[in-house]
Amino acid sequence: MSVKQEAAKLNTKMRNTVPLVHNITNYVTVNDCANALLAIGASPIMADDILEAADITAISSALVINIGTLNQRTVESMVSAGKKANELGIPVVFDPVGAGASKLRNETTQRILEQIRITILRGNLSEVSYVAGLSASTKGVDTSKEDEDKDAQAVAIAAAKKFSCTVAITGAVDVITDGKRVVRISNGHPMLSKVTGTGCMASAITGGYAGLREDAFTAAAAGVMSMGIAGEIAFEKAGELGTGSFHMALIDALSMLNEQIIEEMGNVEEE
Amino acid sequence: MSVKQEAAKLNTKMRNTVPLVHNITNYVTVNDCANALLAIGASPIMADDILEAADITAISSALVINIGTLNQRTVESMVSAGKKANELGIPVVFDPVGAGASKLRNETTQRILEQIRITILRGNLSEVSYVAGLSASTKGVDTSKEDEDKDAQAVAIAAAKKFSCTVAITGAVDVITDGKRVVRISNGHPMLSKVTGTGCMASAITGGYAGLREDAFTAAAAGVMSMGIAGEIAFEKAGELGTGSFHMALIDALSMLNEQIIEEMGNVEEE
Amino acid sequence: MSVKQEAAKLNTKMRNTVPLVHNITNYVTVNDCANALLAIGASPIMADDILEAADITAISSALVINIGTLNQRTVESMVSAGKKANELGIPVVFDPVGAGASKLRNETTQRILEQIRITILRGNLSEVSYVAGLSASTKGVDTSKEDEDKDAQAVAIAAAKKFSCTVAITGAVDVITDGKRVVRISNGHPMLSKVTGTGCMASAITGGYAGLREDAFTAAAAGVMSMGIAGEIAFEKAGELGTGSFHMALIDALSMLNEQIIEEMGNVEEE
Numbered sequence: 001m002s003v004k005q006e007a008a009k010l011n012t013k014m015r016n017t018v019p020l021v022h023n024i025t026n027y028v029t030v031n032d033c034a035n036a037l038l039a040i041g042a043s044p045i046m047a048d049d050i051l052e053a054a055d056i057t058a059i060s061s062a063l064v065i066n067i068g069t070l071n072q073r074t075v076e077s078m079v080s081a082g083k084k085a086n087e088l089g090i091p092v093v094f095d096p097v098g099a100g101a102s103k104l105r106n107e108t109t110q111r112i113l114e115q116i117r118i119t120i121l122r123g124n125l126s127e128v129s130y131v132a133g134l135s136a137s138t139k140g141v142d143t144s145k146e147d148e149d150k151d152a153q154a155v156a157i158a159a160a161k162k163f164s165c166t167v168a169i170t171g172a173v174d175v176i177t178d179g180k181r182v183v184r185i186s187n188g189h190p191m192l193s194k195v196t197g198t199g200c201m202a203s204a205i206t207g208g209y210a211g212l213r214e215d216a217f218t219a220a221a222a223g224v225m226s227m228g229i230a231g232e233i234a235f236e237k238a239g240e241l242g243t244g245s246f247h248m249a250l251i252d253a254l255s256m257l258n259e260q261i262i263e264e265m266g267n268v269e270e271e
Numbered sequence: 001m002s003v004k005q006e007a008a009k010l011n012t013k014m015r016n017t018v019p020l021v022h023n024i025t026n027y028v029t030v031n032d033c034a035n036a037l038l039a040i041g042a043s044p045i046m047a048d049d050i051l052e053a054a055d056i057t058a059i060s061s062a063l064v065i066n067i068g069t070l071n072q073r074t075v076e077s078m079v080s081a082g083k084k085a086n087e088l089g090i091p092v093v094f095d096p097v098g099a100g101a102s103k104l105r106n107e108t109t110q111r112i113l114e115q116i117r118i119t120i121l122r123g124n125l126s127e128v129s130y131v132a133g134l135s136a137s138t139k140g141v142d143t144s145k146e147d148e149d150k151d152a153q154a155v156a157i158a159a160a161k162k163f164s165c166t167v168a169i170t171g172a173v174d175v176i177t178d179g180k181r182v183v184r185i186s187n188g189h190p191m192l193s194k195v196t197g198t199g200c201m202a203s204a205i206t207g208g209y210a211g212l213r214e215d216a217f218t219a220a221a222a223g224v225m226s227m228g229i230a231g232e233i234a235f236e237k238a239g240e241l242g243t244g245s246f247h248m249a250l251i252d253a254l255s256m257l258n259e260q261i262i263e264e265m266g267n268v269e270e271e
Numbered sequence: 001m002s003v004k005q006e007a008a009k010l011n012t013k014m015r016n017t018v019p020l021v022h023n024i025t026n027y028v029t030v031n032d033c034a035n036a037l038l039a040i041g042a043s044p045i046m047a048d049d050i051l052e053a054a055d056i057t058a059i060s061s062a063l064v065i066n067i068g069t070l071n072q073r074t075v076e077s078m079v080s081a082g083k084k085a086n087e088l089g090i091p092v093v094f095d096p097v098g099a100g101a102s103k104l105r106n107e108t109t110q111r112i113l114e115q116i117r118i119t120i121l122r123g124n125l126s127e128v129s130y131v132a133g134l135s136a137s138t139k140g141v142d143t144s145k146e147d148e149d150k151d152a153q154a155v156a157i158a159a160a161k162k163f164s165c166t167v168a169i170t171g172a173v174d175v176i177t178d179g180k181r182v183v184r185i186s187n188g189h190p191m192l193s194k195v196t197g198t199g200c201m202a203s204a205i206t207g208g209y210a211g212l213r214e215d216a217f218t219a220a221a222a223g224v225m226s227m228g229i230a231g232e233i234a235f236e237k238a239g240e241l242g243t244g245s246f247h248m249a250l251i252d253a254l255s256m257l258n259e260q261i262i263e264e265m266g267n268v269e270e271e
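Residue numbers (my numbering), protein chains in the order written: chain U, 1 to 271; chain B, 1 to 271; chain X, 1 to 271.
Among the clues, some could well be false.
Note: identical chains are not told apart, hence a pair may lie in one copy or across any two.
[Stated by the list, open to error] Quick list of in silico lysine-lysine cross-link-like pairs, DSSO-like style, CA-CA up to 30 Å:
#	residue 1	residue 2
1	180	9
2	194	237
3	103	83
4	194	103
5	162	237
6	162	103
7	180	13
8	180	194
9	161	83
10	9	161
Just so you know, the hints here were simulated from the structure itself, not pulled from any lab data.
Throw the hints in and build the complete structure from the sequences for me.
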């Protein structure tokens, strides 16, 4: 069975089992993350106080840590929740939003990666490059799309080996790897970058798929592919109207997504 | 006059008097709560720092406390605001989101109920059962809908007597009681559970109705019924498009709601 | 070239240069602020921890401070970020949400104005009156619209002189002044007051225009005018459907806004 077929089947399993996903995330896009999880068939719970973070993780099927608006109080909760997840074998998705942009984000990222075993790391090329201690050679405006794609793959594989986890770098072409297997996903639409939180939502729903406790690599591919396909459907339905309508249509598309749509629309290149 | 008629009249009064409603609530659904309050004809204000919580309550017509993403800092603000509300005779709506799910939520719920006189308690069967120190016998998947309804009514009445307040348990059938009077409301649509925050919004707009300082029992019925009717209208308009469109249509429906629509669509069974 | 023409040109410049705008803002409307900035052609970043606030400001083109849900932790971050902005010559937009409503808001407003050089102050008549130490004579219900407009202009000029900044008072007619030049903008629609965050969004996108480092007075006019025009377009498209659809159409309109639309629809009276 292809990765696409396996990923598609996870969508059906999600809708049948409704995994609870604990999110310690940012306050900018948290509503979209909750609605994206509900739309894809999971159940969201948000809790970030140190006195309950680990308790909530313990009753959840997956933990998603997103440092988009981290603060000193919630960083402690992220670490506490992450340790509990590791202790109980609960998968952890980490979205290092803005890694590289401030000392606090850099130190927090380092601390999380040192103290917590991450299951899936999802970010853009710049973030994952920073996290992996590599410099992306592709930041210049003159870099060709082809070079960027090649570079993303090298960075993703290096990060996956370094942290012994699955890595998903999202961009024009998404790269998913566990260090051995690699898939490249060409779904999505440029308008996704004109709505805040589409990366955060991709991480959140990847948490939903990871919560099914099947293969993490397949879960990451399913999460990223679901978001990309929903973006294409949303653009088709509402792209001409503007980014507000597109935003709404994106949640619509996630809520209507199913195994058959993923099989038909998934644009996956397996190596 | 029936409870439905009285509740419907409150909607007109709300639009004429625009009560200010202070919300100390969670960051997941706070935007929806503010927009739901504006849509129904009230005016929202959110403030959760201990240095201003009581001051803001003092200029408001009602206080809504929602522990969806409580933390140690805001719990103190909830208590401070609640005490000020009690001192000034300002109605307090309490939504014990996730009560039973963590020690912090349980202890906070207990503290709020001990230190603050609640006017209206709104939650689902599981939350209110926990709060009232009862176990809902209906959590198993095999429980019939009829049993669940009977159980909700018993739990609601017990909680209302225990805390001398009005209790609203929302579910497929909503039960509202002040310990003596009981109404059962059969409005709403299952899709409401696929958008985050519909419970929070129900509590928020109940705060708007409570801020009119009429009978609290009628205010709770009006809040719950308004949300249910809006859910039915939204499903009719946009349910087939997905949960993003439904979410938007829900706010649309709240903003177009009026006395006549509530009278026509309210599905209320008085005992 | 008229102020309107200059403001319109800024929209094209924004879409070409995509300024990064650092927002320390409230959790009620933060998602809308981010999406409004993306829609207008800027790039939002939200960061409010004291350990990174100044760092994030340092890499941004503008800073927007909004005290809508201030707390003791974030007030320190606002001051830290503001000082860094002043040090580096980065423009600062200040939105004193609810100034006058609590001691905490009043003291914070005073502190920010004492310790930070503000580039643009944007608020409603009541807020700016409070900030400027003036009482708006127009709060009574019997005040004519004409009196309110005259009063807003006097308050705006006084505040602009007091703080040596540009002041934008938004209302039925918006007044923008730098103490010498004055424009009155008559765009917008009453429905804007039925969606939370339209004032916050106006401040956020004003931050985007200010980040272009052209004349601050023109930037403020562009920000306020963009929001007003988007409100008119949104009402035309979706006003009859309700406030949820209007909210979505507002973001749509911001995302479709361009130099030509601003030139055609801008309703600006220059003194």
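Against the structure, the hints come out as follows:
| no. | hint | in the structure |
| --- | --- | --- |
| 1 | 180 <-> 9 | within (22 Å within a copy, 51 Å between copies) |
| 2 | 194 <-> 237 | both (16 Å within a copy, 21 Å between copies) |
| 3 | 103 <-> 83 | both (23 Å within a copy, 18 Å between copies) |
| 4 | 194 <-> 103 | within (27 Å within a copy, 38 Å between copies) |
| 5 | 162 <-> 237 | neither (41 Å within a copy, 51 Å between copies) |
| 6 | 162 <-> 103 | within (21 Å within a copy, 37 Å between copies) |
| 7 | 180 <-> 13 | within (25 Å within a copy, 45 Å between copies) |
| 8 | 180 <-> 194 | neither (33 Å within a copy, 37 Å between copies) |
| 9 | 161 <-> 83 | within (21 Å within a copy, 42 Å between copies) |
| 10 | 9 <-> 161 | within (27 Å within a copy, 49 Å between copies) |
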